[in-house]
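Asker: Put together the whole structure using the sequences plus the hints.
The lines below spell out each chain.
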Amino acid sequence: MTRPLALHPDRLFPAEARTRDIARALHAGVKDLPIISPHGHTDPSWFAYDHPFANPAELLVIPDHYVFRMLMSQGVPLDRLGIPTVDGSPTESDPRAIWRCFADHYYLFRGTPSRMWLDWVFAEAFGIDVGLEASTADHYYDVVDAALKTPAFRPRALFERFNIEVIATTEGPLDPLDHHRALRASGWEGRVVTAYRPDPVIDPQAINFAGNLRAFGEITGEDIATFAGYLRAHWKRRADFREAGATSTDHGHPSAFTANLAPADIETLYAKVLAGPVTSWEAELFRGHMLVEMARMSVEDGMVMQLHPGVHRSHNDAVLARFGRDKGGDIPTAGEFVHALKPLLDAYGNDPRLTLILFTLDEDVYSRELAPLAGHYPALRLGPPWWFHDSPEGMRRFRERVTETAGFYNTVGFNDDTRAFLSIPARHDVARRMDCAFLARLVAEHRLDEDEAQELAYALAYGLAKQAYKL
Amino acid sequence: MTRPLALHPDRLFPAEARTRDIARALHAGVKDLPIISPHGHTDPSWFAYDHPFANPAELLVIPDHYVFRMLMSQGVPLDRLGIPTVDGSPTESDPRAIWRCFADHYYLFRGTPSRMWLDWVFAEAFGIDVGLEASTADHYYDVVDAALKTPAFRPRALFERFNIEVIATTEGPLDPLDHHRALRASGWEGRVVTAYRPDPVIDPQAINFAGNLRAFGEITGEDIATFAGYLRAHWKRRADFREAGATSTDHGHPSAFTANLAPADIETLYAKVLAGPVTSWEAELFRGHMLVEMARMSVEDGMVMQLHPGVHRSHNDAVLARFGRDKGGDIPTAGEFVHALKPLLDAYGNDPRLTLILFTLDEDVYSRELAPLAGHYPALRLGPPWWFHDSPEGMRRFRERVTETAGFYNTVGFNDDTRAFLSIPARHDVARRMDCAFLARLVAEHRLDEDEAQELAYALAYGLAKQAYKL
Amino acid sequence: MTRPLALHPDRLFPAEARTRDIARALHAGVKDLPIISPHGHTDPSWFAYDHPFANPAELLVIPDHYVFRMLMSQGVPLDRLGIPTVDGSPTESDPRAIWRCFADHYYLFRGTPSRMWLDWVFAEAFGIDVGLEASTADHYYDVVDAALKTPAFRPRALFERFNIEVIATTEGPLDPLDHHRALRASGWEGRVVTAYRPDPVIDPQAINFAGNLRAFGEITGEDIATFAGYLRAHWKRRADFREAGATSTDHGHPSAFTANLAPADIETLYAKVLAGPVTSWEAELFRGHMLVEMARMSVEDGMVMQLHPGVHRSHNDAVLARFGRDKGGDIPTAGEFVHALKPLLDAYGNDPRLTLILFTLDEDVYSRELAPLAGHYPALRLGPPWWFHDSPEGMRRFRERVTETAGFYNTVGFNDDTRAFLSIPARHDVARRMDCAFLARLVAEHRLDEDEAQELAYALAYGLAKQAYKL
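Residue numbers (this note's numbering), protein chains in the order written: chain A, 1 to 471; chain B, 1 to 471; chain C, 1 to 471.
Read the hints as simulated data drawn from the structure, not as lab findings. Take the hints with a grain of salt, since some may be wrong.
Identical copies look the same in the list; a pair holds intra-copy or inter-copy alike.
[Claimed, not checked] In silico EDC-like links for lysine to aspartate or glutamate, alpha-carbon gap of 20 Å or less:
| id | residue 1 | residue 2 |
| --- | --- | --- |
| 1 | Lys342 | Asp330 |
| 2 | Lys236 | Glu300 |
| 3 | Lys272 | Glu450 |
| 4 | Lys342 | Asp317 |
| 5 | Lys31 | Glu445 |
| 6 | Lys149 | Asp94 |
| 7 | Lys327 | Asp346 |
| 8 | Lys342 | Asp326 |
| 9 | Lys466 | Glu160 |
| 10 | Lys327 | Asp351 |
| 11 | Lys149 | Asp50 |
Answerer: This is the structure:
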């Protein structure tokens with residue numbers, strides 16, 4: 001017998017009746033607000049060309065590392081899930097077979113946010129009313145596959161249906177931004193902007209760094225043989241990105257380390273970096289100095305800066321070799337911000353023109369380092385709970401540990417940070433519910449008045465993201 | 001006036017009525033399941049020879065470091081509690097005096113799991129209905145002492161009464177396994193198995209390491225002068241342990257550090273280790289390499305591997321000198337698994353034949369490192385909250401921090417990890433209640449269906465431990 | 001329209017009715033107990049001379065780094081808040097303008113403990129019944145200013161009204177203790193004692209360390225050119241402080257590092273320290289050794305020792321240069337106690353004459369290091385959640401993470417640790433409510449009997465602080 005699928009209107013609200021009623025009321029005031037998605041990884045070509053999505057497996061399984069990492073952890077080879085390989089050697093190519101394998105293992109997601117997001121997609125986006133399991137796999141496949149062939153499931157139609165006011169994609173420094181240009185030229189009115197993520201030309205340990213630098217010179221017409229030329233290339237690309245709507249930059253570094261080298265020292269270091277290879281320490285120093293350069297540029301050009309540090313990327317060598325990067329093998333490491341950020345903060349921490357939004361995967365630093373820093377420096381804001389912590393419990397811990405020292409107004413609302421387009425409304429739904437649940441507890445415990453909670457619910461769902469990201 | 005003692009049927013369930021009712025229903029489905037105790041420190045001789053326990057103090061105070069560490073912390077000298085000394089110098093020898101001292105200080109345990117376990121033992125095992133305090137000390141002593149003289153309180157009778165399906169003890173690599181052999185020869189049908197804990201011959205900093213190595217050669221008949229012979233000795237002992245029912249190995253290392261040295265390098269290192277003494281780094285390197293060797297053997301012989309890292313053993317020099325090891329002076333230290341485990345995971349992390357169960361006393365790594373690792377690598381599973389965290393709040397934190405990234409199915413149910421035999425059902429009772437309480441919250445917040453929660457409650461109480469440990 | 005201001009009698013109690021009722025009942029038993037304030041930073045001259053407080057801004061904004069750090073973090077320059085500068089250059093001097101700026105930004109404190117404390121001060125101390133915002137700023141200013149001119153708002157009258165049984169201030173080793181002497185000579189019966197905080201003559205990296213040492217010699221008449229003389233100076237000052245009522249010492253070190261150097265080694269190091277400058281490591285070693293010396297002296301003279309480690313002081317260079325120390329720019333760093341404290345604990349950890357109270361801003365160490373240490377060593381006690389964690393959620397985390405391993409009786413009740421005199425009853429009110437809420441949950445979950453909870457509520461609100469600090 002199949003299990004019914006229905007999203008309960010009180011999901012994620014506390015069970016205690018008085019608190020739940022407050023949460024309900026707060027949520028009613030924000031649930032229909034448009035979505036501000038200031039940081040994410042959707043593909044601009046979806047919106048530029050509005051092609052239909054291929055099939056259920058290519059939409060919901062193959063690109064979602066949250067999904068396949070869990071199946072892999074329980075012994076399902078990535079080959080069975082159709083993950084493409086680096087060398088092009090074949091993996092499972094039948095989308096229905098992939099879907100069935102996913103359905104067989106769907107119970108593994110019990111208690112995870114993926115389960116909540118996917119159930120939302122199944123029930124809300126596709127109107128399915130039975131739970132996913134082996135016996136319903138084909139029914140699901142057929143319903144989703146048929147829907148994807150209809151105009152209502154084209155990217156732009158979904159964008160509009162999802163009530164997205166603005167969404168930011170993320171592009172690298174070598175991206176020609178053609179999709180964003182095509183998108184604007186198309187006359188479609190959905191607001192899709194880019195964000196400047198220069199890691200491939202800033203991290204000397206990036207794959208093909210030398211080639212990236214050469215291409216960076218070519219795409220900008222600057223002579224990257226000198227540090228001054230290299231900086232000019234960044235200035236130009238930042239301007240290009242702003243033309244494509246960007247209001248922010250993003251930096252994914254192994255740590256939050258920053259450095260502010262004297263001109264002669266950075267010249268020397270840049271020469272070494274150009275010549276390559278450099279030691280780990282030199283690479284760290286270069287990345288650290290470049291964060292300060294990026295802050296310097298942000299002070300000038302007004303782009304909001306985001307820092308996402310502290311991930312050991314592609315921890316699983318065998319998976320990296322066969323399937324490449326971003327295959328669920330990124331593992332967080334312990335973070336440190338107090339000493340790491342000091343050079344940058346000494347330079348620009350008190351400058352009202354800078355906004356630096358900090359993210360972490362190390363929850364320990366929420367109350368110990370991030371909230372005290374953000375509750376002091378005018379330039380700092382705290383990004384929402386990130387990645388593994390984009391989850392009900394992760395959000396609760398974030399608010400509980402951050403609010404008392406940094407308040408609500410040093411945070412920036414929610415980021416979905418996803419390439420799983422259909423999950424975006426589901427993720428914002430979880431965030432809005434959890435923030436309302438948190439506020440409801442403060443009201444129920446007489447720590448906040450209900451009208452204040454209403455203002456805050458609006459700010460957390462909509463206002464703060466728009467303001468912090470200048471959208 | 002004495003305080004009544006009665007175990008409330010709703011203990012540890014949330015106060016909120018709807019959630020409590022769900023927890024009750026879930027608990028009703030698992031409370032009578034047999035106990036699987038896959039990791040612990042009970043004494044096989046108890047079951048082999050079925051002698052009665054000596055007296056209340058020797059059963060419940062003297063061997064329980066949870067108990068005497070608390071009294072010591074409040075100024076009660078260990079001498080007054082009859083803890084035996086290294087040099088044999090006398091300490092308190094009157095069990096009733098020890099018991100009275102314990103009773104006088106029983107209020108110190110308010111809010112601790114020891115209090116819950118002990119109250120269970122007093123009420124359920126011994127049928128006592130008043131609380132322990134100075135005025136009831138003698139009553140307690142008399143009741144418990146009288147009970148211990150009856151057949152119903154012999155180890156085997158308790159084993160059966162406690163509904164233990166299987167229990168694992170832990171023995172060192174030099175143990176002749178005579179008690180386990182006697183136990184099997186006895187014809188008694190209780191299932192008591194051993195586990196292989198080779199630390200004394202793997203840790204060059206172990207007490208009497210050189211002597212241990214010699215004895216290891218003798219007990220196996222292998223020439224431990226070469227690394228190959230040393231490895232053969234491990235193979236042999238692992239086979240011996242499997243004959244005594246073992247399905248697992250256990251490794252208590254100062255850190256989770258692993259290393260996979262080239263053959264020539266480990267030969268050289270082993271020669272140094274044999275010659276001794278080695279530096280701290282060489283000791284760490286040898287222990288780290290041996291974890292990879294143990295994983296290699298597990299891949300072959302199927303033994304499940306457990307790693308318990310991160311304890312500063314015997315922190316209190318004065319207590320160590322007078323009373324020896326395991327006297328409540330072990331203190332956890334910060335943990336790191338991402339870099340530490342990489343060599344082992346590079347070698348066997350994707351091998352479906354390996355199961356490596358990780359434990360930690362550093363709760364920070366739950367969400368930061370352990371859940372992401374276990375939610376990716378097929379070989380990894382997460383052990384339950386350990387030692388100081390074998391407690392209601394510890395269990396709650398574990399589920400809250402681990403589940404969203406690793407799910408439930410990358411965890412392995414409950415381990416009691418105790419030498420306090422009578423506390424075993426009490427500990428499983430706490431674990432079952434806390435897991436039901438956690439599941440009930442997910443159901444009450446509409447994050448899980450009740451039938452799913454029932455399946456999970458069964459898995460967490462019984463199924464996962466049996467499966468993960470191949471019992 | 002203005003928002004009403006009223007303190008709800010159930011504030012901070014859980015919403016769930018049964019638990020709330022238990023919390024209410026527990027709180028009723030402790031809410032009127034006198035305040036024991038064993039550690040803080042009020043100014044003894046207030047009580048010695050009983051002058052009125054100047055005006056609302058100088059009482060409630062300018063000295064409160066919790067307040068101005070938050071405004072600064074949202075872009076309000078400290079100049080606008082009248083914070084005095086190091087070089088005496090002028091900042092805003094109109095207290096009403098400062099107050100209006102504060103009122104404009106009062107919404108920033110939503111969800112923070114400052115909001116709770118301030119609302120208590122406004123409602124309870126000043127009888128105001130509308131919320132603070134731009135439109136009520138002048139009303140507030142007028143009411144508070146008028147009140148401050150009345151005898152009822154003089155320091156001694158407030159002390160009595162607040163039902164303070166004893167309060168400890170904190171003075172440095174060069175303080176002549178004149179205010180404390182004047183206070184005693186005045187015949188007023190309020191009990192105000194000092195505490196010995198010798199950091200300025202113990203930390204070689206302290207500002208003007210050499211000058212401090214010279215003054216230390218002068219004030220004591222000892223020859224601080226030798227280490228023996230330097231120690232004698234400490235002995236003398238400790239005796240002076242005890243005469244001024246001190247029962248404790250306090251040590252604010254960058255880390256918890258301790259060292260117990262051989263006599264020759266500390267002589268050599270002291271000579272270096274005297275000659276200055278020393279390396280960071282030598283400074284750390286000297287501070288670490290001096291903690292052991294302080295413990296040694298405490299064993300003799302009975303003064304309770306407090307350690308407050310782990311803060312990066314004055315992180316913001318620009319703020320330090322313009323406004324000086326203690327301007328909201330102190331940021332916590334990761335802590336370590338297990339190795340750090342071992343030398344001190346090896347020397348005196350088992351000595352029943354020593355009480356060492358540990359504080360931390362790194363909540364990670366609560367369950368990992370501090371509770372296991374305090375649950376073992378007779379000399380150790382755990383101070384309450386400190387500074388950023390002197391907050392409802394901070395208190396809840398402290399009890400949840402510490403109690404199961406260390407119990408309640410290895411903690412020492414509440415410290416307000418503040419220089420914001422009017423907030424003292426508010427802070428104790430929060431602490432008593434949160435402890436009652438925590439105890440109520442244990443009772444509601446049948447983990448503690450209600451009569452035990454009553455005893456504990458009394459101990460946490462009053463008894464333990466009095467006992468641990470020997471007051």
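Asker: What hints, given by number in increasing order, does this structure fail?
Answerer: Of the numbered hints given earlier, the structure breaks just one, which is hint 3.
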